[in-house]
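Start from the sequences, fold in the hints, and give me the full structure.
What follows is each chain in one-letter form.
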Amino acid sequence: MASQPVDSVFLEDATWERVDKATGGAAASCFQCGVCTAICPWGLVKEETISIRKIVRQAQLGLPGWSDGLWLCTTCLWCESRCPHEVDITKASLGLRRLAWKERQVPPGLPTLLWNIYFDGNAWGRPPSERPLWAKGMAVKEFAPGDEILLYVGDDAAYDRRVQKVARALVSLLEAAGVTFGTLGEREPSSGDPVRSVGHEEYLAEMIDANARLFQEAGVKTMVTISPHCYDMFANRYPNLSGGFRPLHYSQYLLELIENGRLKFEKKLPLKVTYHDPCYLSRRNDICDEPRQVLRSIPGLELLEMERSRQDTLCCGGGGGRMWMETAGGERFSDLRMREAAETGAEVVVTCCPHCLSCLEASLSVVAESKLRVMDLAEVAHLALQGRTATSDVASRRP
Amino acid sequence: MRPLHIIACVKVVPKPEEIRVDSETWTIQRDGVRSEINPPDMNALEMALALKEQHGGRVTVVAMGPPTFVLYLRLALAMGADEAYLLSDRAFAGADTLATSYTLAQGIRKIGDYDLILCGEESSDGATAQVPPGIAEWLNTAQITYAEDLEVLPGSGMVKARRELTGGYEVIQAPLPCVASVKAGANEPRFMDMERKAWAEAEGPLTVWTATDIDVDPEMIGLPGSPTIVDGVAQAEASERKREFLAGTPEEQAQALVERLRAYL
Amino acid sequence: MTKSLYGAQEASAIWVYLEQNQGRLTGVSLELVGKARELTDGRSIPLVGVLLGDQVSGLAQEAIAAGADEVRVADHPLLRQYTTDGYTKAFTELILAGKPDILLLGATPNGRDLAGRLAVRLRTGLTADCTDLRLEEDTGLLVGEVTGFGGGILAYIKCPDNRPQMATVRPGVFAVPAPDGARQGKVVSVPVNLAKEDIKVQVLEHVDGQGVDITRAQVLVAAGRGCQGDLALINELASLLDGEVGVSRVPVDEGWASRDRMIGQTGYVTRPKLAIVCGISGAFQFSVGIEKAETIVAINTDAEAPIFEQADYCIVDDMFDVLPPLIEAVKRARGGNGGR
Ligand SMILES: Cc1cc2nc3c(=O)[nH]c(=O)nc-3n(C[C@H](O)[C@H](O)[C@H](O)COP(=O)(O)OP(=O)(O)OC[C@H]3O[C@@H](n4cnc5c(N)ncnc54)[C@H](O)[C@@H]3O)c2cc1C
Ligand code: SF4
Ligand code: SF4
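Residue numbers (this note's numbering), protein chains in the order written: chain A, 95 to 493; chain B, 357 to 621; chain C, 1169 to 1508.
It should be emphasised that the hints constitute simulated quantities derived from the structure, not laboratory data.
Just so we're clear, the structure is a prediction, and the values are computed from it rather than from any experiment.
Among the clues, some could well be false.
[Said to hold, decoys possible] Pairwise CB distance ranges, derived in the manner of DEER restraints: (1) B/Ala406 x C/Gln1396: 37 to 45 Å; (2) B/Ala592 x A/Asn330: 41 to 49 Å; (3) B/Ala603 x A/Glu280: 31 to 39 Å; (4) A/Arg307 x B/Asp587: 40 to 48 Å; (5) B/Arg599 x A/Ala462: 23 to 31 Å; (6) B/Ala603 x C/Asp1381: 35 to 43 Å; (7) A/Gln405 x B/Arg599: 43 to 51 Å; (8) C/Pro1328 x A/Gly231: 27 to 35 Å; (9) B/Ala590 x C/Ser1212: 26 to 34 Å; (10) C/Asp1381 x B/Leu509: 18 to 26 Å.
[Stated by the list, open to error] With a straight-line cut-off of 27 Å between C-alpha atoms, the simulated DSSO-like cross-links for lysine-lysine are: (11) B/Lys516 x C/Lys1364; (12) B/Lys553 x A/Lys196; (13) A/Lys196 x B/Lys466; (14) B/Lys371 x A/Lys230; (15) B/Lys371 x B/Lys553; (16) A/Lys230 x B/Lys598; (17) B/Lys598 x C/Lys1460; (18) A/Lys235 x A/Lys315; (19) B/Lys466 x B/Lys408; (20) C/Lys1171 x B/Lys466; (21) B/Lys516 x C/Lys1171; (22) B/Lys408 x C/Lys1368; (23) C/Lys1460 x A/Lys230; (24) C/Lys1267 x C/Lys1354; (25) C/Lys1441 x B/Lys598; (26) C/Lys1499 x B/Lys598; (27) B/Lys466 x C/Lys1368; (28) A/Lys196 x A/Lys185; (29) A/Lys115 x B/Lys553; (30) B/Lys516 x B/Lys408; (31) A/Lys196 x A/Lys148; (32) A/Lys185 x B/Lys553; (33) A/Lys361 x A/Lys465; (34) B/Lys408 x B/Lys553; (35) B/Lys371 x A/Lys235; (36) B/Lys371 x B/Lys598; (37) B/Lys371 x C/Lys1441; (38) C/Lys1499 x B/Lys371; (39) C/Lys1441 x C/Lys1460; (40) A/Lys148 x A/Lys115.
Glycine residues also receive a C-beta, built at the ideal position from the N, C-alpha and C atoms.
Following this line, the structure appears as structure tokens:
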């Protein structure tokens, strides 16, 4: 243990071990300064924010309901970026969730989520045979080792009708750039992100093992993901996938294609947009420039910035398994975010994460007076490629 | 009362969407098909485990089926069951509900010392809902079908449960031992404990019994013991949505819709 | 071969279990009488209704008007409420005395509870939850059509040797026959031997109707933002169809409906037979809660709304224009049906 926790009344007895073990020691260096609690975005919508210190203590005492606040955390990393002691707060909170699984203190719906992944291979409990249906009518083939990239579609783009459009737009872009690519079709596994984000580390380990083997056997080298959450998994949590394995978020890959001159936007797209950084790209993986550069390469497009952007982005509210837990009306970060986006005067808020897309779109009604729409980066790029100016048939429908 | 012993009966069923009828032999293709534990059986298992948590005792799972079911029984162990039994024998094949309930009842007799036997309300493949009452009859116990909120009343040796009926419910009480079929969705089945899973895979107490192990009349099991026969199978029409747009004035649309919905009115 | 308690040579007649609940015949009982009448047409097979309960003989005439030739009534105070033990014992005695060739029951919760137990006591075969019935041309054997594997497979099942040939039939697949008040039939009262000790279970409480539980509803009428807070017509249609009202997330956010009615990913996953979805766009987070419905009707002003991609019957129109005539049309249709 690096440094001894200050609060020795609680932290030195045997109960500490249980918590310390579950969190992998992540909470040990906390000095109780309270910065994280003060900055947590839940403070923007609720009286009480997440206090990792408090939860650790309650967990230690095994107080009934100790885990309640824990499940709010969207793993947005804001607190962590400000912690003076570099406490790995998400590691601590996911570790505590792991403890909560052990002690069966889990919100309803989450066990079903894991069973769905276990029996169906996706977070929605849909048949794997329906996984490739998003590409209906398009020429998307099975990945072969000679292909430039494996397109990792992910559960959201495979099954959510709205996000399917993003995958289809991306395919059009790849085709336009002459990229040879394929998917794993029905065999594509869940990346494990939902499992990680609800803190079931043991099951995650089993999945990672099996998936890594699958990718290796398939001969995957460069992998392009649609979701930042899947990207984060493959980039940071698959230790056995080294050796030439190169995971990319599609925004990075699009930029590569643009820089290599394979993808070029020649027609003007006169559109005022603002870009919403997904936390899993920006804060977690320092990918802030690539999506912006893709947008800037579109002639006629005007990029406006929100106050909170790049590393300081405001979470949409969908991370950390929150997509599977209800957030009451009035407590949704995405409501605030849509207001911030509207204030820029943009016509379209662009993002490149399926969770952000869902959350922001579900909050469209709070900015009903503006003309704001939500689009994915791939959709904007595809629009630019086609030289169309009307966004109506691509963007989200107005409520 | 001695510690509670609950037996949960589980079945492994193919995923509905995977099922195809072989158009030449008119048989159902089950080979290589993805399967799962019958969802209401998961509810029964969860109920058993929750009762064990509350009252102590132990949970035994039992299934009848091919050796491949072992994999799924391990999941039940990983969820928290104490032991598992698989009744597996070629002679059991082709059993209808009479033969199935008889075989399971004989298996349960052999396991012995049971207080409560929990089954799912019905299986997603056969959907007969007959096996639980059948087991109760063979074992000559009380039965509670479509149970939810089941409570064991310690001391009195009784169970109390809410039974779902058409447009209502009743609360009934029955003496132990008792067979209950658990309503689908009565609870949320807990996820496995991965440490237990590793234990279940390495050394889980899982016993396979054949027909000779459980004292069955060979004439009463499998195909010979089944009075019903399948006279043919067919693939039902595809379950894809019809997407039929109804035209006309609101009155005409309403009328057209009602004609299409007769079965539900 | 497991032998039934009597054989095919001794067996005759089709029996229909006339399930009553609190002194009212269930609709499916009459549906079965109607179907059995049709099966016996052109054959000289008597059609017998069986009524168990406490002072229920008054219901016999309803079954006769629907097509029964005879109704056997087992009246006993211990049969006032359905119990597996009491009903199985009384019914078994009736069957062993009358030796029916075929016995049909409605696949209601209690019908299935009883049928499953009876079949084993009689050591006979039971075809459960049939969606159709016919008699085989040459043998006269009962063939039941059942669906399996979530409805993807149809199977045809018969029971050649054991008697009675039992089947439970899903409510609503056959029509309730129009009553013929002039029909004559025998009403026979049969003795019942039942003692308190025969019945192990005790019914503590019996409730018709229940709290909100949209996951159980057979019919769901769902409303979204399009209802603009006005759920009157939705409520009316739902109660007319003996269904429940469900909503998308928007009405919950707006305070038009309570959280326990919310369908979807973070609401409830429902599996009704029929869902009528009004003024809901069909976002994925909503759809995952409704896609297990057998039949989906969508009413939406926007022809491009994604909900139409997931619906069986699509009406592109204002819900407030469609619901009033729909309610009237349902009333008319139900009027002809005698209600259920
Ligand atoms: C993490 C997360 C979880 C979520 N969970 C859920 C969930 O569990 N359940 C859920 O429902 N949503 C959920 N949502 C929200 C979901 O994404 C949608 O925002 C929501 O379902 C939209 O509700 P709606 O269809 O009623 O409203 P809208 O999308 O605004 O649609 C209203 C529809 O009504 C139509 N309409 C308007 N007036 C009329 C009229 N007079 N007659 C007929 N049609 C009319 C319009 O054409 C439109 O299609 C979730 C979102 C997120 C981000
Ligand atoms: S900011 Fe860091 S040191 Fe301060 S209370 Fe939070 S975790 Fe502890
Ligand atoms: S990760 Fe985000 S939501 Fe979680 S505690 Fe930190 S700031 Fe709050």
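Verification of the hints:
As the Cβ distance of B/Ala406 to C/Gln1396 is approximately 43 Å, the hint placing it in 37 to 45 Å holds. For B/Ala592 and A/Asn330, the Cβ-Cβ distance of about 46 Å falls inside the hinted range of 41 to 49 Å, so the restraint holds. For the pair B/Ala603 and A/Glu280, the beta carbons lie near 38 Å from each other, so the given range of 31 to 39 Å is met. The supplied range of 40 to 48 Å is met by A/Arg307 and B/Asp587, whose beta-carbon atoms lie about 46 Å from each other.
Checking the proposed 23 to 31 Å range against B/Arg599 and A/Ala462 shows it holds: the Cβ atoms sit about 30 Å from each other. For the pair B/Ala603 and C/Asp1381, the supplied restraint of 35 to 43 Å holds, since their beta-carbon distance comes to about 36 Å. Between A/Gln405 and B/Arg599, the C-beta spacing of about 46 Å keeps the proposed range 43 to 51 Å intact. Range check, C/Pro1328 to A/Gly231: Cβ separation about 50 Å, and the 27 to 35 Å hint is violated.
For the hinted restraint 26 to 34 Å between B/Ala590 and C/Ser1212, the CB-CB distance of approximately 32 Å keeps it satisfied. About 25 Å separates the C-beta atoms of C/Asp1381 and B/Leu509, a value consistent with the hinted range of 18 to 26 Å. Among the hinted pairs, B/Lys516 with C/Lys1364 is consistent with the structure: their alpha-carbon atoms are about 19 Å apart, no more than 27 Å. Straight-line distance between C-alpha atoms of B/Lys553 and A/Lys196 comes to about 13 Å, which keeps the hinted pair within the 27 Å bound.
The straight-line distance between the Cα atoms of A/Lys196 and B/Lys466 is roughly 33 Å, outside the 27 Å bound, and the hint therefore fails. For a cut-off of 27 Å, the pair hint linking B/Lys371 to A/Lys230 stands: about 23 Å separates their Cα positions. At most 27 Å may separate the alpha-carbon atoms for a hinted pair to count; B/Lys371 and B/Lys553 meet this at roughly 22 Å. For the given pair, A/Lys230 sits about 18 Å from B/Lys598 by alpha-carbon distance, which is consistent with the 27 Å threshold.
Restraint check: the Cα-Cα separation between B/Lys598 and C/Lys1460 comes to about 14 Å, which is no more than 27 Å; the hinted pair holds. Only pairs whose Cα atoms come within 27 Å are accepted, and A/Lys235 paired with A/Lys315 is accepted, the gap being roughly 17 Å. Between B/Lys466 and B/Lys408 the CA atoms are separated by roughly 21 Å; this keeps the pair inside 27 Å, and the hint holds. Note on C/Lys1171 and B/Lys466: the hinted pairing holds, with a Cα-Cα distance of about 24 Å set against a maximum of 27 Å.
As the CA atoms of B/Lys516 and C/Lys1171 are separated by approximately 35 Å, the hinted pair breaks the 27 Å bound. Only pairs whose Cα atoms come within 27 Å are accepted, and B/Lys408 paired with C/Lys1368 is accepted, the gap being roughly 24 Å. Under the criterion of a C-alpha separation no larger than 27 Å, the hint pairing C/Lys1460 with A/Lys230 is consistent with the structure, at around 22 Å. A hinted pair counts as satisfied when its Cα atoms are at most 27 Å apart, and C/Lys1267 with C/Lys1354 qualifies at roughly 18 Å.
A C-alpha spacing of about 15 Å is found between C/Lys1441 and B/Lys598, which places the hinted pair at or below 27 Å, so the restraint holds. A distance of roughly 25 Å separates the Cα atoms of C/Lys1499 and B/Lys598; the hinted pair therefore holds under the 27 Å criterion. With a CA separation close to 24 Å, the supplied pair B/Lys466 and C/Lys1368 stays within the 27 Å bound. Distance check on the hinted pair: A/Lys196 and A/Lys185 sit about 17 Å apart at the alpha-carbon level, within 27 Å; holds.
With a CA separation close to 20 Å, the supplied pair A/Lys115 and B/Lys553 stays within the 27 Å bound. Simply put, B/Lys516 and B/Lys408 have alpha-carbon atoms about 16 Å apart, close enough for the 27 Å limit, and the pair holds. With a C-alpha separation of about 20 Å, the suggested pair A/Lys196 and A/Lys148 falls inside the 27 Å cut-off, and the hint holds. Restraint check for A/Lys185 and B/Lys553: the C-alpha separation of about 24 Å stays at or below 27 Å, so the hint holds.
Taking the CA atoms of A/Lys361 and A/Lys465, the gap is near 24 Å; set against the 27 Å cutoff, the hint holds. At roughly 19 Å between alpha-carbon atoms, B/Lys408 and B/Lys553 fall within 27 Å of each other, so this suggested pair holds. A hinted pair counts as satisfied when its Cα atoms are at most 27 Å apart, and B/Lys371 with A/Lys235 qualifies at roughly 26 Å. Distance check on the hinted pair: B/Lys371 and B/Lys598 sit about 22 Å apart at the alpha-carbon level, within 27 Å; holds.
Using a Cα cut-off of 27 Å, the hinted pair B/Lys371 and C/Lys1441 holds, with the two alpha carbons roughly 20 Å apart. Between C/Lys1499 and B/Lys371, the direct Cα distance comes to roughly 39 Å. Violation of the 27 Å bound is thereby established for this hinted pair. For the proposed pair C/Lys1441 and C/Lys1460, the alpha carbon gap of about 9 Å is at most 27 Å, so the pair holds. Restraint check for A/Lys148 and A/Lys115: satisfied, since their Cα atoms lie roughly 17 Å apart, inside the 27 Å limit.
Hint violations for this structure: numbers 8, 13, 21 and 38, all remaining hints satisfied.
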